[in-house]
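Spelled out from the first residue to the last, the chains are:
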Amino acid sequence: LAKTTQPISMDSYEGQEVNITCSHNNIATNDYITWYQQFPSQGPRFIIQGYKTKVTNEVASLFIPADRKSSTLSLPRVSLSDTAVYYCLVGDYGQNFVFGPGTRLSVLP
Amino acid sequence: GAGVSQTPSNKVTEKGKYVELRCDPISGHTALYWYRQSLGQGPEFLIYFQGTGAADDSGLPNDRFFAVRPEGSVSTLKIQRTERGDSAVYLCASSLWGTSRPNEQFFGPGTRLTVL
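Those sequence lines, one after another, are chains G and H.
In this text, residue positions in the first sequence follow the numbering used here: the first is 4, and each later residue adds one.
In this text, residue positions in the second sequence follow the numbering used here: the first is 12, and each later residue adds one.
Just so you know, the hints here were simulated from the structure itself, not pulled from any lab data.
Careful, some of the hints might be misleading.
[Stated by the list, open to error] A few chain G residues facing chain H, derived, Cβ under 10 Å:
| # | residue |
| --- | --- |
| 1 | Tyr16 |
| 2 | Gly18 |
| 3 | Val21 |
| 4 | Gln41 |
| 5 | Gly103 |
[Said to hold, decoys possible] Reference listing, derived: stretches of chain H covered by chain G, where coverage requires no fewer than 3 residues with Cβ under 8 Å from a Cβ of chain G:
| # | stretch |
| --- | --- |
| 6 | 18 to 28 |
| 7 | 47 to 61 |
Small disclaimer: the values here were computed from a predicted structure and weren't measured.
Glycine included, each C-beta is placed from N, C-alpha and C at the ideal position.
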């Protein structure tokens with residue numbers, strides 16, 4: 004399973020764009036890149052998934068360079084409610100995930 | 012629709028006791044996962060079911076841990092001779108294969124297990 008590395012914590016202010024970058028140097032050809040969000044006392048929640056290039060949905064964008072050795076989750080105009088832990092995972096279809104410690108994002112007023 | 016539910020939400024037990032944790036996945040989801048999460052850490056994979064069978068149980072820490080899913084829906088995680096180190100939040104997730112988001116797992120709220 005591919006190992007991921009992401010910052011332990013980040014601070015931002017309301018209304019700013021937040022970019023969280025994840026490194027996954029040994030990503031395999033069949034691996035997808037998936038991001039989850041977790042609030043205290045809740046299970047993780049799927050945010051976005053991609054394989055290559057750029058993916059955008061109603062809450063975030065995911066940028067993946069051509070070599071796929073990293074990815075960047077972009078949260079536009081964050082609010083206080085975006086304060087959470089964000090996990091980057093890589094894995095094949097239906098594969099079990101190896102969660103690291105994630106990135107603890109604190110959004111300040 | 013209903014999400015993944017887990018019962019009980021909290022369980023306090025004494026060292027050496029036996030506990031069962033239940034997971035009700037989203038109806039129709041064929042894949043079911045168990046994780047456990049300690050404070051400040053990401054979820055740690057325990058076991059994965061595809062239908063009734065355990066497709067991967069490599070994350071079970073030792074033979075005190077066992078999980079079943081006899082009818083391919085509800086699953087029970089069983090822990091024998093509990094130890095204080097088993098204290099954690101146990102998370103269950105389910106997913107539906109064949110969708111456009113193949114790695115989207117739906118997590119339940121977890122069961123907080125405390126072993127005194």
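Taking the hints in turn, this is what the structure says about them:
{"no.": "1", "hint": "Tyr16", "verdict": "25 Å, violated"}
{"no.": "2", "hint": "Gly18", "verdict": "28 Å, violated"}
{"no.": "3", "hint": "Val21", "verdict": "19 Å, violated"}
{"no.": "4", "hint": "Gln41", "verdict": "8 Å, holds"}
{"no.": "5", "hint": "Gly103", "verdict": "5 Å, holds"}
{"no.": "6", "hint": "18 to 28", "verdict": "violated (count 0)"}
{"no.": "7", "hint": "47 to 61", "verdict": "holds (count 8)"}
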